[in-house]
Amino acid sequence: MSKSAFDATRGELLKFRRLSFLLSVFGSLGVLTLLIVGFAWSRAEKHSSSMNLTTGFDMALFFLGILTLCICASYTAQEYTYGTLRNVLVLTPSRQAFLIGKLSALSALIFFLTLYTFLVSSVVSLFMSGRHGVNLIPSLEGKALLTTLAHCLNGFLGTMALGIFGIALGLITRSPIIAISLGLLWSLIIESALGGALPRIGRWLPTANFESLAQSGATGFTYIHCLGLSAFYLLLISLPALYLFKQRDVSQ
Amino acid sequence: MSDNSYAISVEGLSKNYGTRRSVSALTFNVPYGSICGFVGPNGSGKTTTMRMLLSLISKTSGEGRVLGSAISEPMKYLDRVGAMIEGPAFYPSMSGVENLKIFARMGGLRGTDPNSLLAQVGLAQRGTSKYKTYSLGMKQRLGIAAALILDPELLILDEPTNGLDPNGIQEIRELITGLAQSGRTIFISSHLLSELEVICDYFVMLKAGELMYAGFKEGLLGGNNCDLIAKPEFGVDLANLANIAALRGLDTSIRGGFLHIQRAGELAAEFNRWACEEEIYLQSLTTSSPSLETKFFEMSANQ
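Read top to bottom, the protein sequences are chains E and Z.
The numbering of the first sequence is this note's numbering, which starts it at 7 and goes up by one.
The numbering of the second sequence is this note's numbering, which starts it at -7 and goes up by one.
If we strip away everything but chain E, and leave its shape as in the complex, we get (with noise of 0.2 Å):
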């Protein structure tokens, strides 16, 4: 990494040094992700072999998923909506060095909620489980922590595919609102209306091969094959906000 993409990350990560933003990310997606995985456990039989340690998480991967698609397309979009990117472009000249630093902030956010998210659901898990008669402290041992730690690590590379899809928004549209309405609106409602539709297609489209990814894989579907569609996914959205920005006179 360039001196100057270090800036940028280093500036960026400025912005998520903030009390009300960490309170309100940090506080709202332990919420959500106490309230999904105490229901998913709730709604267990006794002895259920189905539910084990990530079965929560994995739950809980969607909400932070479009947590992650809101936060990097606002913080991306908001440069342009603020006119801070002129600001920003004058002190960092090199536009590929702002990009590198933003995604490399958004990175490091993406983690530690990931992080985060896995460690809260984790506990609720452990908590739940005791009640409903599964041991789930082999999932802690040996060969399965390993496994354990890879399904958090796939976890968080699907949601860092929903962020980047976040910013390639921004990028395009350089409305916060309509970024994150355009994102939203695909995610949630155009590729649930195509999946239903066309049941074949529904795991190949975008958000939902990401979260194949997050899970370490789907039915039918294997970890390398999630792993290269959403490369080819990213790239598709990628080059052209990549190229626009490049391209596109920084003015209001």
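Derived from the structure by calculation, the hints contain no laboratory data.
As the structure is a prediction and not an experimental result, all values here were calculated from the model.
Virtual Cβ for every residue (Gly too), placed ideally from N, Cα, C.
Treat the hints loosely; a few may be bogus.
As the list claims (entries may be wrong) - Cut-off 30 Å, straight-line C-alpha distance, at most; resulting in silico cross-link-like pairs (DSSO-like, lysine-lysine): (1) Z/Lys68 x E/Lys9; (2) E/Lys252 x E/Lys9; (3) Z/Lys199 x Z/Lys209; (4) Z/Lys209 x Z/Lys223; (5) Z/Lys68 x E/Lys21; (6) E/Lys149 x E/Lys52; (7) E/Lys21 x Z/Lys131; (8) E/Lys21 x E/Lys9; (9) E/Lys21 x Z/Lys124; (10) E/Lys21 x Z/Lys122; (11) Z/Lys131 x Z/Lys199; (12) Z/Lys68 x E/Lys252; (13) E/Lys252 x E/Lys21.
What the hints assert, rightly or not - If you want the footprint, here are the derived chain E segments under chain Z, 3+ residues with CB under 8 Å: (14) 9 to 16; (15) 20 to 30; (16) 91 to 99.
Please build the complex by placing chain Z on the supplied structure of chain E, with the hints as guidance.
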């Protein structure tokens, strides 16, 4: 084109938006150490030119150099330039200090003290308040503080007094004059021509994207541009005095008992002699420079 002898040097610089030409073949230079007023009505291309100089937008044609480097290579000079373009722009939910810290980090500066920058612009007391709670004047001052982060050689300020009350305008004027005294070149645009007239020693004037004037203040407002105002000892001699000037091809007008002779500032001694030769003695003889505003409208009308 001069390369390194000017802080800003542009030649044939143009910018088109589709078929509309926003800036048309501008050619001008701004000397090092000057306070250059960039003057023109709304839509004359001032902000577009500033944006091109800062590489925020691409030029359509022409060449430009800032601090000796081509504007196509902004990495070579932007670390020596501070700018506030199109008004101040900051993150509204963060304080002035936090905003400055972020921009300082992005500029690769670690030891920058935001409080000293805020003190320079008179915002030390409100540094921890959120930007969205600032008045317009405070926002403008924070914008100037951000432009000073890199301790720049060249400051490019777009309408820094926009929306300020008279006190605010005076504060910004003193601030800019103080900054110029430390050897910086300041390139400043404003609609308040009377303000620019006070602080600037060099002017670049635009109209509809085209250059009207580029040069020192004296060339625009001083020398031959001064009017001569004469008052004879006796009012009855006023018409005769006007004749003396008119016979020598000078434009005159009589207003309020005074004879105004246009662009005759350098002829004061001679005019006094001509009057004496005709036995008309002057009660007063003064020169009057046209204001920047007068000059601007005059030049606009002539174009």
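Looking back at the hints listed earlier, which ones does the structure fail to meet? Violated: none.
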